[in-house]
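With the hints as extra help, turn the sequences into a complete structure.
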Amino acid sequence: MTGIKRLVLDVLKPHKPSILELAKAISKLTHVTGVNLSIQEVDTETETIKITVEGNDVDFEELESVIEDMGAVIHSIDEVAAGARLVENVETLQDR
Amino acid sequence: MTGIKRLVLDVLKPHKPSILELAKAISKLTHVTGVNLSIQEVDTETETIKITVEGNDVDFEELESVIEDMGAVIHSIDEVAAGARLVENVETLQDR
Amino acid sequence: MTGIKRLVLDVLKPHKPSILELAKAISKLTHVTGVNLSIQEVDTETETIKITVEGNDVDFEELESVIEDMGAVIHSIDEVAAGARLVENVETLQDR
Amino acid sequence: MTGIKRLVLDVLKPHKPSILELAKAISKLTHVTGVNLSIQEVDTETETIKITVEGNDVDFEELESVIEDMGAVIHSIDEVAAGARLVENVETLQDR
Amino acid sequence: MTGIKRLVLDVLKPHKPSILELAKAISKLTHVTGVNLSIQEVDTETETIKITVEGNDVDFEELESVIEDMGAVIHSIDEVAAGARLVENVETLQDR
Amino acid sequence: MTGIKRLVLDVLKPHKPSILELAKAISKLTHVTGVNLSIQEVDTETETIKITVEGNDVDFEELESVIEDMGAVIHSIDEVAAGARLVENVETLQDR
Amino acid sequence: MTGIKRLVLDVLKPHKPSILELAKAISKLTHVTGVNLSIQEVDTETETIKITVEGNDVDFEELESVIEDMGAVIHSIDEVAAGARLVENVETLQDR
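Residue numbers (this note's numbering), protein chains in the order written: chain W, 1 to 96; chain E, 1 to 96; chain B, 1 to 96; chain C, 1 to 96; chain D, 1 to 96; chain X, 1 to 96; chain R, 1 to 96.
Any given hint could be a false lead.
Stated by the list, open to error - Straight-line alpha carbon distances no greater than 27 Å define the calculated DSSO-like cross-link-like pairs of lysine-lysine that follow: (1) C:K16 / C:K28; (2) B:K28 / D:K24; (3) X:K16 / C:K24; (4) E:K13 / W:K16; (5) D:K28 / R:K13.
As the list claims (entries may be wrong) - Now the in silico label distances, taken between C-beta atoms and shown as ranges: (6) R:Q40 / C:E64: 47 to 55 Å; (7) B:N56 / D:Q40: 40 to 48 Å; (8) E:E64 / C:R85: 19 to 27 Å; (9) X:P14 / C:P14: 30 to 38 Å; (10) C:V73 / X:E88: 18 to 26 Å; (11) D:D59 / R:D43: 27 to 35 Å; (12) C:E21 / X:S18: 30 to 38 Å; (13) R:S65 / C:D57: 57 to 65 Å; (14) B:V42 / C:D57: 47 to 55 Å.
Calculated from the structure, these hints are not laboratory results. Only a predicted model underlies this, so the values are computations on that prediction, with no experimental measurement involved. All residues carry an ideal CB built from backbone N, CA and C; glycine is no exception.
Here's what the structure looks like:
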């Protein structure tokens with residue numbers, strides 16, 4: 001199956017609901033095979049988290065709904081992989 | 001099986017009971033396949049430890065009970081992975 | 001099959017269409033097996049992204065059309081791999 | 001088999017008996033499959049060593065006895081892994 | 001088959017023909033299984049590229065002809081591997 | 001088979017016999033499967049080398065004899081692994 | 001087969017014959033399975049190269065002859081591995 005294989009998102013969320021609840025909700029989406037949520041920064045009212053979603057033909061609109069239903073906001077999409085095979089970002093001589 | 005595959009916790013605990021006893025207690029939880037406890041900082045009365053729990057459909061409430069029964073407190077959940085497959089946090093160009 | 005196996009491009013694009021749409025469009029090209037888009041820098045009107053395309057006998061003209069149809073411009077081709085087998089850039093003593 | 005899978009210890013010992021003898025003695029314990037001893041610091045009368053013990057259901061009391069019988073003292077337990085599967089300490093965004 | 005297995009070259013070339021054309025031309029040589037071209041530095045008239053060629057019994061004269069036919073010049077051969085098996089450069093204590 | 005699986009030694013030796021002869025002599029010992037000798041520092045009369053010996057139930061006395069017969073002296077044993085399985089030194093949060 | 005499995009040499013050579021010719025000549029030696037030559041430093045008349053030779057029971061005298069026949073000189077042997085199995089140099093806590 002083609003379509004989106006991986007999405008890496010920078011997300012701002014209130015402390016509640018917790019990242020556990022958000023992780024479970026995302027993992028239940030139909031084309032998602034797994035999700036990783038990592039805390040980047042904690043502030044008094046909010047926290048910045050990094051979400052890595054992997055699957056086959058991941059539906060961004062569905063994903064965005066689940067995230068926004070939890071009161072969170074997507075700040076940016078930092079990486080996308082699409083196609084029949086997951087391709088990693090390759091370090092070149094220009095990245096050094 | 002879906003649900004929580006990995007949890008990384010930042011925990012403050014008294015020196016006793018030891019991390020050996022806490023490790024054994026966590027490893028006996030039904031959906032836990034393994035646990036790693038690493039000492040981060042030692043103070044006169046307490047120690048800060050990092051707990052990595054892996055399993056299938058790990059029950060956070062059960063885990064929290066076992067930790068609190070040992071007189072320890074969860075300071076933060078630093079990482080969660082959920083779904084049919086364990087997804088790692090992916091380093092992007094924005095993390096450099 | 002021989003021909004181009006991997007292309008790494010430095011691309012400047014307007015914020016819209018998003019990298020999701022660009023990723024999907026590139027992944028649909030006939031000889032492309034997968035593509036990775038990573039955000040390098042974000043400015044008010046534009047963003048600089050790094051595109052890694054892998055496949056068998058990737059057609060650069062087709063790829064360039066898809067990118068330009070989205071209002072984006074290829075600034076440079078940073079790496080190319082071609083042949084029957086994908087060869088990685090090897091670090092030598094002269095690179096240190 | 002569950003129980004302790006790995007223990008990492010910080011140990012202070014006199015120069016004699018040598019780390020060879022201590023390694024052999026530890027490796028003979030019933031649930032130990034292997035042990036690694038690495039010299040961390042050497043002083044006039046003593047040396048600080050790091051001991052990594054792996055096995056299935058490693059018995060800490062037995063291990064402690066063998067170490068103390070050699071005139072050495074366990075300063076701290078730096079890492080413990082327990083369960084059906086050996087789980088490694090995972091680096092998160094909070095460790096950077 | 002023995003002979004040259006890998007060659008890493010430091011090459012100066014005019015901007016045109018592009019590295020795509022050079023990559024395709026090199027990949028068509030009889031004993032070449034794959035080639036990687038990476039941009040090292042771009043100047044107004046020229047660019048310095050690093051070429052990694054792998055194959056069985058690679059013919060340096062043929063390779064040099066293809067490169068020079070594109071108006072490019074080999075500045076140096078930085079690494080060569082030859083024999084029945086590709087041997088990597090091994091880091092020793094003297095390289096640190 | 002249990003016993004010593006790996007030994008890492010810090011050795012001072014005269015320039016002659018060469019490390020080639022010492023490597024061959026060590027590799028012929030009954031329980032040794034392989035040995036690596038790396039030059040650490042060269043002085044006018046002597047050189048400091050690091051010896052990594054791997055095998056099953058390596059006999060330290062035999063090894064020491066071979067080393068001393070070549071006019072060399074063991075300065076320290078830096079690492080020992082013993083048991084049914086070779087266990088590596090594991091990096092913990094305390095090593096950072 | 002036992003004997004020398006790997007040799008890493010520091011060699012000074014005139015610019016001609018090139019490292020290509022030296023690589024081919026070394027790869028033709030009976031017990032050599034592969035060789036890697038990497039340029040370390042280039043001077044007006046000479047160049048310093050690092051040679052990694054791998055094989056089974058590599059004959060150092062033969063190797064030295066081939067190198068000297070090309071007008072080159074072995075400055076030092078930086079690493080040797082010998083035995084039934086190639087053992088790598090292991091990093092210990094003392095190397096940090």
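>> Hint compliance check: list the failing hint numbers for this structure, sorted ascending.
In response: The structure breaks hints 3, 5, 7; every other hint is satisfied.
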